[in-house]
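There are 2 protein chains.
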Amino acid sequence: MSKPYVLGIDIGGTNTVFGIVDARGAVIASSSIKTRKHNNITDYIDELHTEIIRMLEQNDAVDKIHGIGIGAPNANYFTGIIEDGVNLPWPTPIPLAQLVSDKFGIPCAITNDANAAAIGEMTYGAARGLKDFIMITLGTGVGSGIVINGQMVYGHDGFAGELGHVIVKRNNGRLCGCGRAGCLETYCSATGVARTAREFLEIRPEDSLLRNIPIEEITSKDVYEAAISGDKLAQEIFEYTGTILGEAFADFTVFSSPEAIILFGGLAKSGELLLKPIRTAMEKNMLGVFKGKVKVLLSELKEADAAVLGASALGWEAKPMVTIVPPAVTPGNTIQA
Amino acid sequence: MSKPYVLGIDIGGTNTVFGIVDARGAVIASSSIKTRKHNNITDYIDELHTEIIRMLEQNDAVDKIHGIGIGAPNANYFTGIIEDGVNLPWPTPIPLAQLVSDKFGIPCAITNDANAAAIGEMTYGAARGLKDFIMITLGTGVGSGIVINGQMVYGHDGFAGELGHVIVKRNNGRLCGCGRAGCLETYCSATGVARTAREFLEIRPEDSLLRNIPIEEITSKDVYEAAISGDKLAQEIFEYTGTILGEAFADFTVFSSPEAIILFGGLAKSGELLLKPIRTAMEKNMLGVFKGKVKVLLSELKEADAAVLGASALGWEAKPMVTIVPPAVTPGNTIQA
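Residue numbers (my numbering), protein chains in the order written: chain A, 2 to 338; chain B, 2 to 338.
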């Protein structure tokens, strides 16, 4: 009588999405609440608990949850804590795994959203059967989840895999939200593409459909739509973006020699428009021994389900929480009871 | 009656050094032969076998060898093969693990020299007790061995950890032996330091002790000696080198969040002259969450013993070799009998 379901919870800056998932990755039911409704983390967890219990009751799943997996910004797998410096409405650090596990009476594991996406992809998506791959999430920022030898890479402190903050322009790089300059995500996130559009439009003389949009309002979606309409400048913006990504991917390859790099998130939906320059630049910059070996793939998870699926996959490995141990001593977030 | 010793063999471009090592890392005996004496790999292995048997007999160790570990350029742990593109006098690929294992009747495992150094450091040196660290070897080139969660990172094809070939100068970078330009090792190897010296001496007007040496003959050792004699230009060459290394180390950290980066090889003997600018540049370029967390250490292995010790540590995990399997299928170099 092992329990057949897990709960996946994805805490985003705007919405918190949650769902019941079975062992084959089918989302049995899902729902959401507003992340920012409560200034107090206890009230937020109370509402989350009420809504989830309601969903469990409606699906005859109350005693059938093996574990809870949560994906959230800056969530540390080792400590179960959401650390400082994150765009959420509650004071940090937040001992989230402990709070949720206490409230629900169910084991809970947490990790950051990009790691959750990687675990979801490995469990249910394009990375099934792969032991060495890198997940790159191209959203408002650039996140990453790295899997080596079948294991998620957490590093000695739980924060490994911040590839959006590799510095790709050492001189005169764009200012990044992290306080440094030249980070990959300032060029290759959705926001980065919009920045490139503004830069190109200011500096270059060509006509472009993008000139019909007030320059400060241009989004990566506008650039995408212009590019598929045949707009030359918009297409060059994607070439510029893909080239920087491909150059970075060649550098990532000498580190962990992945079998595939998998793209996820809004910008990944640009498909070949982005994949083509990525593959060209990656191969052009690739160390000989790796040439032609590394696949660049798109996520196979439906975006609507992906966040919940990724988080839920972590629920299978959640352990009962007794006490928090320091990360350097034991690479798990709990001592087993 | 488990066997108390391992054999470590380090195949360098000039010398092949080998030794008998016990479980505590004591080198019982060691010797060497010339790598380039034979144009035929079979003759080379015959001589190696003769010399090693002689050493084993002299030390009453003939039936006491648990396994053989070999460190060699481009040696692939998964396949047991020395792959193409390497500065050795025999045609490649060379099925080295199979040849040595057949000749000696003892299980043999091979890996590249930087990985061997990392395994040695983890088993006997500065990385004892560390589960997440990066070994950087600063010799003629720049090599690396990456350990994550206590495991050597081999990647999906056995070639991971080529950090000397991360591109640190995207524009107008120095030509690298790998055929690309701007690789870390063109700046930060011993050879790279000599190149920097030549560049500085040509471009800059200052006086320097280095001007007493014919410019094409300057070595990193000359630069070191001038620097400790107080030569300003030579000191700036070390600052330049250390700064590029420190910037690269900050990027490596966002990948795997290591507890330490450990330096090994000739250039590492420069000590604080190199460590100081490395640490300064690393912290200056470090993503906030990692600031102050990553130690930069020097290898604790004696250089004379290190190559043999590193290779020998691999001997403990060598398995009897039956047949070679493709790397993508099984992440071990052998099917166990």
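In short, the hints are calculated from the structure, not lab data. Watch out, some of these pointers could steer you wrong.
All copies of an identical chain are treated as equivalent in the list; a pair is satisfied when it fits inside any one copy or across any two copies.
[Claimed, not checked] Below, in silico cross-link-like pairs of lysine-lysine (BS3-like), each with a Cα-Cα straight-line distance of 30 Å or less:
#1 320 - 104
#2 170 - 292
#3 320 - 294
#4 294 - 65
#5 4 - 292
#6 233 - 38
#7 104 - 233
#8 233 - 65
#9 277 - 170
#10 277 - 104
#11 320 - 270
#12 4 - 285
#13 4 - 270
#14 132 - 222
#15 35 - 277
#16 170 - 65
#17 233 - 35
#18 170 - 294
#19 277 - 292
#20 132 - 294
#21 35 - 320
#22 222 - 65
#23 4 - 296
#24 38 - 303
Practice problem: Using 30 Å as the alpha carbon limit, work out where residue 132 and residue 294 are close: within a copy, between copies, both or neither. | Solution: For residue 132 and residue 294, the Cα distance is within 30 Å both inside one copy (15 Å) and across copies (28 Å).
- request: Measure nothing new, just compare the shortest in-copy and cross-copy C-alpha distances for residue 4 and residue 270 to 30 Å and report within, between, both or neither.
  value: neither (35 Å within a copy, 58 Å between copies)
How would you label the pair residue 170, residue 65 (within, between, both, or neither) given a Cα cut-off of 30 Å? Answer is neither: 50 Å inside a copy and 55 Å across each miss the 30 Å cutoff.
query = Is it within, between, both, or neither for residue 38 and residue 303, if the alpha carbons may be no more than 30 Å apart?
reply = Within one copy only: 27 Å inside, 61 Å across.
Please sort residue 132 with residue 222 into within, between, both or neither, judging by C-alpha distance up to 30 Å.
Neither. Shortest intra-copy (33 Å) and inter-copy (43 Å) distances fail the 30 Å Cα cut-off.
- Indicate which option fits the pair residue 320, residue 104 if close means a Cα-Cα distance not exceeding 30 Å: within, between, both or neither. Only inside one copy: residue 320 and residue 104 sit 15 Å apart there, 49 Å across copies, limit 30 Å.
Since the copies are identical, ignore which copy is meant and state whether residue 277 and residue 170 lie within 30 Å (CA to CA) inside a copy, between copies, both or neither. both (22 Å within a copy, 24 Å between copies)
* To do: Since the copies are identical, ignore which copy is meant and state whether residue 35 and residue 277 lie within 30 Å (CA to CA) inside a copy, between copies, both or neither.
  => This pair counts as neither: shortest intra-copy Cα distance 37 Å, inter-copy 49 Å.
- Query: Given a CA cutoff of 30 Å, do residue 233 and residue 65 count as a within-copy pair, a between-copy pair, both, or neither?
  - Reply: Neither way: residue 233 and residue 65 sit 54 Å apart in one copy and 71 Å across, limit 30 Å.
**OP:** With 30 Å as the alpha-carbon cut-off, assign the pair residue 233 and residue 38 to within, between, both or neither.
**Re:** Intra 43 Å, inter 61 Å, cutoff 30 Å: neither.
Treating 30 Å as the Cα threshold, decide for residue 4 and residue 296: within, between, both or neither. Neither: 36 Å inside a chain and 44 Å across chains, both beyond 30 Å.
Within, between, both or neither, where residue 170 and residue 292 count as close if Cα-Cα is 30 Å or less: both (24 Å within a copy, 20 Å between copies)
When the structure is compared with the earlier hints, violations turn up for hints 4, 5, 6, 7, 8, 10, 11, 12, 13, 14, 15, 16, 17, 22 and 23 and for no others.
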